[in-house]
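Asker: Residue numbers (the UniProt record's numbering), protein chains in the order written: chain A, 1 to 299; chain G, 1 to 368.
What the hints contain is simulated information worked out from the structure, not anything from laboratory work. Warning: the hint list may mix true and false statements.
Claimed, not checked - Using 30 Å as the maximum straight-line C-alpha spacing, the simulated DSS-like pairs for lysine-lysine come out as follows:
no.: 1; chain 1: A; residue 1: Lys292; chain 2: G; residue 2: Lys131
no.: 2; chain 1: G; residue 1: Lys178; chain 2: A; residue 2: Lys183
no.: 3; chain 1: A; residue 1: Lys202; chain 2: G; residue 2: Lys92
no.: 4; chain 1: G; residue 1: Lys92; chain 2: A; residue 2: Lys183
no.: 5; chain 1: A; residue 1: Lys183; chain 2: A; residue 2: Lys292
Below are the chains, spelled out letter by letter.
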Amino acid sequence: MSNAVSAARPLAPVTRRPTFKWGPVFDHAILIAGSAFMLVPVYLAFMTSTHDAVTVHTGGVQALPGGSLVDNYATVMFDGLGFSGAVNGTTMMLNSLILGLGFAVGKIVLSMMAAYAIVYFRFPLAEFAFWAIFVTLLLPLEVRILPSYEIVQSMGLINTYTGLIVPLVASATGTFFFRQFFKSVPDELIEAARIDGAGPLKFFLDILLPLSRTMIAAIFIIMFVYGWNQYLWPTLITTNEDYFTLVRGIKQIIQVWVGSQIPEYGQAMALAVLAMLPPVIVVVVFQSWFIKGLTESDK
Amino acid sequence: MARLHIDQVSKIYTGTQRAVDAVSIDVDDGEFLVLVGPSGCGKSTLLRMIAGLEAITEGAITIGERVVNDLDPAARDIAMVFQNYALYPHMKVYDNMAYGLRNRGIARDEIDRRVREAATTLELGPLLERKPRELSGGQRQRVAMGRAIVRNPAAFLFDEPLSNLDAKLRSHMRVEIKHLQRSLGITSVYVTHDQLEAMTLADKLVVMNAGKVEQIGAPLDVYERPASTFVASFIGAPAMNLIPFSALGDDGRLGLRDATVATIGFRPQDIIEVANDNEDGDGLSLRFVVDAVEPVGSESYLHGKVGAERVVVRIDGRAPHREGDRIGIAVPSERLHAFDADGRRLEGWRTPDAVGDAGTAMRKTRAT
Chain A
1 MSNAVSAARP LAPVTRRPTF KWGPVFDHAI LIAGSAFMLV PVYLAFMTST
51 HDAVTVHTGG VQALPGGSLV DNYATVMFDG LGFSGAVNGT TMMLNSLILG
101 LGFAVGKIVL SMMAAYAIVY FRFPLAEFAF WAIFVTLLLP LEVRILPSYE
151 IVQSMGLINT YTGLIVPLVA SATGTFFFRQ FFKSVPDELI EAARIDGAGP
201 LKFFLDILLP LSRTMIAAIF IIMFVYGWNQ YLWPTLITTN EDYFTLVRGI
251 KQIIQVWVGS QIPEYGQAMA LAVLAMLPPV IVVVVFQSWF IKGLTESDK
Chain G
1 MARLHIDQVS KIYTGTQRAV DAVSIDVDDG EFLVLVGPSG CGKSTLLRMI
51 AGLEAITEGA ITIGERVVND LDPAARDIAM VFQNYALYPH MKVYDNMAYG
101 LRNRGIARDE IDRRVREAAT TLELGPLLER KPRELSGGQR QRVAMGRAIV
151 RNPAAFLFDE PLSNLDAKLR SHMRVEIKHL QRSLGITSVY VTHDQLEAMT
201 LADKLVVMNA GKVEQIGAPL DVYERPASTF VASFIGAPAM NLIPFSALGD
251 DGRLGLRDAT VATIGFRPQD IIEVANDNED GDGLSLRFVV DAVEPVGSES
301 YLHGKVGAER VVVRIDGRAP HREGDRIGIA VPSERLHAFD ADGRRLEGWR
351 TPDAVGDAGT AMRKTRAT
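Chain G with its partners taken away, still in its complex shape:
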């Protein structure tokens, strides 16, 4: 168990192209860190640099008290779970878990004790004598996790461990991983491109884009206060609606104070359907044309347009709307997010009293 300290780490493959660009992250002892981002954002490269599978071009990575830049993967005291499990196909489950311990010269009965203990934790007991090809995907994933656990490492590294599983098993394993990490209390770094996995697993969420860190924070903080348009569109499903400020035709009701606002964002579930657009409260009120209705059971999503901009609206239960319907929608102003021309989040972009008014006015509307 250890702290993990990533200090100004960069990865440069050829020339000047930076796959990972000056990333600094601190992971506390026992913390579950999730790196999330689209494919090619450098999250896996960063993980592999922590593991020692990629050389670190610039910066330093510290595990516990040691700078590990020049250490072999085996000497870093980490364990890794791979996307395709990477089990040794010719070894039984038992030997798969014991292999790393044997290479470290640990006594035979100690190995046996640890493997059986991990097997009990992961309910792998009856499978110990089987070969990986005789196991299902979920079981293989558990063996891969067992291989990591028996090592009792300073840190766990997970490289998209659930993306080869089907949806149902994935949500089950997600809970299992979370539970396991909690009970073992081992510092973990988890890479995924799935924002749902990221939100539910993380103690600390790191959103990456194009080799850079976009935002670091608790999952709900990141969700509530996305630091950039990229984070806003990546975290949360369906994604946040982002509309150029100029397309809104603001009549002053937003109480704009900061003239650098370039984009206004609001989440589909913060939208209220209103009877007409002559709303008396301030905030955003728009005309919305329905293009498609997507019922998913407990809720429905209306896909459509405001002017020329695509917008998604979430409706509780079943939506009575049809394609082509024109409806009025409103967003309470405290639920609005503003971003500047570079996509950075803006705070205090509205006059203080406008914030207060809008809040009360809209809450009333929502209650009715």
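Extracted from the complex, chain A is given alone in its bound form:
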């Protein structure tokens, strides 16, 4: 546009002032507002975590850095917390990690195998089996939490990692995603593999598994974060503080309002910030795979 104008009047000076455009300003305003919406709580949590409990108790959420950064973080990571003081942040983080990883890996393994059976093998009631799994998508954990607890309890799995993880690894979402993905793999591929002498196991390991790489990464992220953030189930299933997860631990800190004691707000915030880190790391590391998994169609 401006080129055309200057070409038409070659003798005019080039000092023409560019017209101000409101469009980009508007766009950026929306982007900035959106970012602020996401980032301000994180920023406030981090800033608050650098103050001691009294400051927070009297002054509320803090917007500027305070002097207790090292104190707070060292305390939550290494000192005993909670009612008995027997467990520290490191243990809780480890527990969360075990839960998150076990949860994600278990879900991926189980749902891949289920989807493989549903898509590639003809057996009676296969379609029914799939829809039965699919329907459970509609039922959140909370709906079946009492029977699940009853079973785990009767098996004596309270306060074990097994009891924490295994009842949650069946995944309708994962099975559904893998089913859709396997269905999009061309039939010729399995036929070529059959002619090449690959049996069901070899086809799964040599062809399907490598092809599902990006899909696995995507589901791993979702499931890890989901597992990491589990609250209700760990609360029910763990009474021994040695098995507390981070998300539970935060609550434990706040819940010490006994007599004139002030909850350690700063420490709680520090723990919350720490609890955010591993999911963020997982997402950042797997991000490129994650996007590929959701968008790639080159098969």
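Using the hints provided, position chain G relative to the given structure of chain A.
Answerer: Frame of chain A, contents of chain G only:
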């Protein structure tokens, strides 16, 4: 290398519907068999039954000396090239070709030798370390062929391998496949819906329709003497003109002997343009109205009607005709094909002397 024997093979999916109906075909050692027919005619199903990807409902398939009905695809000693190549996307070209050999427990250096040999034959040498997605369609097709070659199987099976390529590449690959099959001498079965591919590749052509074999023969035999109206209209482009006998208003000049003639057929290139319809030789002479002229360079096609019947006429070079022109056309009687009411080819449907007369008379006309 082996003979392939297909004996009364049928495929029944549900109920009584036969996708392939009692097909019997013999393929000699080293022969190139092409199955051709419209989509849904059962040609791919038949190929997949040979490969072992579909169960055989009835009949028997023998590769070499073994009946393979109950064998796994891998145990049949065949290799298949798919329409969409079916390369393993996550494997390099080298691994794609080596995968089948590794599964068979062949020694590593033997695999390496065979893969490199095939790569040389197919000019894939520089591409061995690439992934399939980094290759063009033609290169992918060559890798798929390489995967088949390294196996050194008893038979090659091709399932429309060229239909995903553009026209130019297709004719190039056609020659390449033919050359490769000749030099390797491996028995091959090739499925296509393209009659040009079928004609040029086949040693033996099988035309299929609705699950049944319409005709088996050498490509030119099938072209010259189509066994049915279906074959006549399917093989050859443009298709043979087929006109109901009743629409011709025969005045006896055809020398009809067999009263069961229901349809008369003649190829567009066997038609001669004549100045008037008072032809003195016998054979067919008709009035033709031009509807459209299709110049394709070296020749032109006139689309039009004889009475109410659609007819295509081929003219050498450029046609001077315009839409709406009325011209006289004639067909020498030895170039006519006759079919009965069921569409079956009829032989000896004309009196012998009429055949002789017509032949000489028309040849004279053509020369002028």
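Asker: Taking the hints in turn, state whether each one holds.
Answerer: Going through the hints against the structure:
1. Lys292(A) to Lys131(G): holds (17 Å)
2. Lys178(G) to Lys183(A): violated (35 Å)
3. Lys202(A) to Lys92(G): holds (18 Å)
4. Lys92(G) to Lys183(A): Holds. Lys92(G) to Lys183(A) sits at ~23 Å (cutoff 30 Å).
5. Lys183(A) to Lys292(A): holds (18 Å)
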